[in-house]
Amino acid sequence: KQEVTQIPAALSVPEGENLVLNCSFTDSAIYNLQWFRQDPGKGLTSLLLIQSSQREQTSGRLNASLDKSSGRSTLYIAASQPGDSATYLCAVKWNRDDKIIFGKGTRLHILP
Amino acid sequence: DAGVIQSPRHEVTEMGQEVTLRCKPISGHDYLFWYRQTMMRGLELLIYFNNNVPIDDSGMPEDRFSAKMPNASFSTLKIQPSEPRDSAVYFCASSLWSGGEDTQYFGPGTRLTVL
Numbered sequence: 433k434q435e436v437t438q439i440p441a442a443l444s445v446p447e448g449e450n451l452v453l454n455c456s457f458t459d460s461a462i463y464n465l466q467w468f469r470q471d472p473g474k475g476l477t478s479l480l481l482i483q484s485s486q487r488e489q490t491s492g493r494l495n496a497s498l499d500k501s502s503g504r505s506t507l508y509i510a511a512s513q514p515g516d517s518a519t520y521l522c523a524v525k526w527n528r529d530d531k532i533i534f535g536k537g538t539r540l541h542i543l544p
Numbered sequence: 026d027a028g029v030i031q032s033p034r035h036e037v038t039e040m041g042q043e044v045t046l047r048c049k050p051i052s053g054h055d056y057l058f059w060y061r062q063t064m065m066r067g068l069e070l071l072i073y074f075n076n077n078v079p080i081d082d083s084g085m086p087e088d089r090f091s092a093k094m095p096n097a098s099f100s101t102l103k104i105q106p107s108e109p110r111d112s113a114v115y116f117c118a119s120s121l122w123s124g125g126e127d128t129q130y131f132g133p134g135t136r137l138t139v140l
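Line order of the protein sequences matches chains A and B.
433 is the number of the first residue of the first sequence in my numbering; add one for each residue after it.
26 is the number of the first residue of the second sequence in my numbering; add one for each residue after it.
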């Protein structure tokens, strides 16, 4: 069964620290992987999409890496800010026409 | 563009009543998705459409749920009759398949409470 797991479910970090969020997935033959952000009471916003052929993607203070062989992805957030507080979800598609499978997310709280 | 629009934003109803959730995707997008999010199960895909045609409805929990997309700019998700266990946040998302970039854009969601 294709599954996406995110551990921990919640994380608190002091402002200014660099941090890493983890995502693991079964079956390494993925098509692409995305990281989303969800603010309370809001929908999801796509942050970064990594294609199967790519190793990483960067956007501002965010860097997402992909290691298919180990079935893992990480989202690195540099110099964290209180505005980064949100739930971060990892989502995997295994084939072009497949549906996306979401992890349950990591709820991040940046302490001022 | 205004993004994906969903209505209503909140719905409170009594068990047994019919509930209709509405979605307007981003203009020009050719895929539309309906998701349900709960604390216990996370985000689950219910059904998705491509060019207004339902492609995969395997996530629809039971016959009480139905979805339609009569045209490219409108979709509905209907629950009849509703039950307390249907209480959740329902999201609509749309995307444009273009050269592998299939980022989904989510609406703000409809929070459904069935009493």
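Read the hints as simulated data drawn from the structure, not as lab findings.
Just so we're clear, the structure is a prediction, and the values are computed from it rather than from any experiment.
It is possible that part of the hints are untrue.
Calculated cross-link-like contacts (lysine to aspartate or glutamate; reagent style EDC-like; alpha-carbon spacing at most 16 angstroms) [to be verified]:
hint, chain 1, residue 1, chain 2, residue 2
1, A, K531, B, E36
2, B, K103, B, E87
3, A, K531, B, D127
4, A, K531, B, E69
5, A, K525, B, E69
6, B, K93, B, E108
7, A, K531, B, D81
8, A, K525, B, E87
Short derived list, chain A residues pointing at chain B, Cβ under 7 angstroms [claimed, not checked]:
hint, residue
9, K474
10, L476
11, L481
12, S484
13, K531
14, F534
15, K536
The C-beta atom is built at its ideal place from N, Cα and C for all residues, glycine as well.
Problem - Index of numbered hints that the structure contradicts, given in increasing order - result: 1, 6, 8, 12
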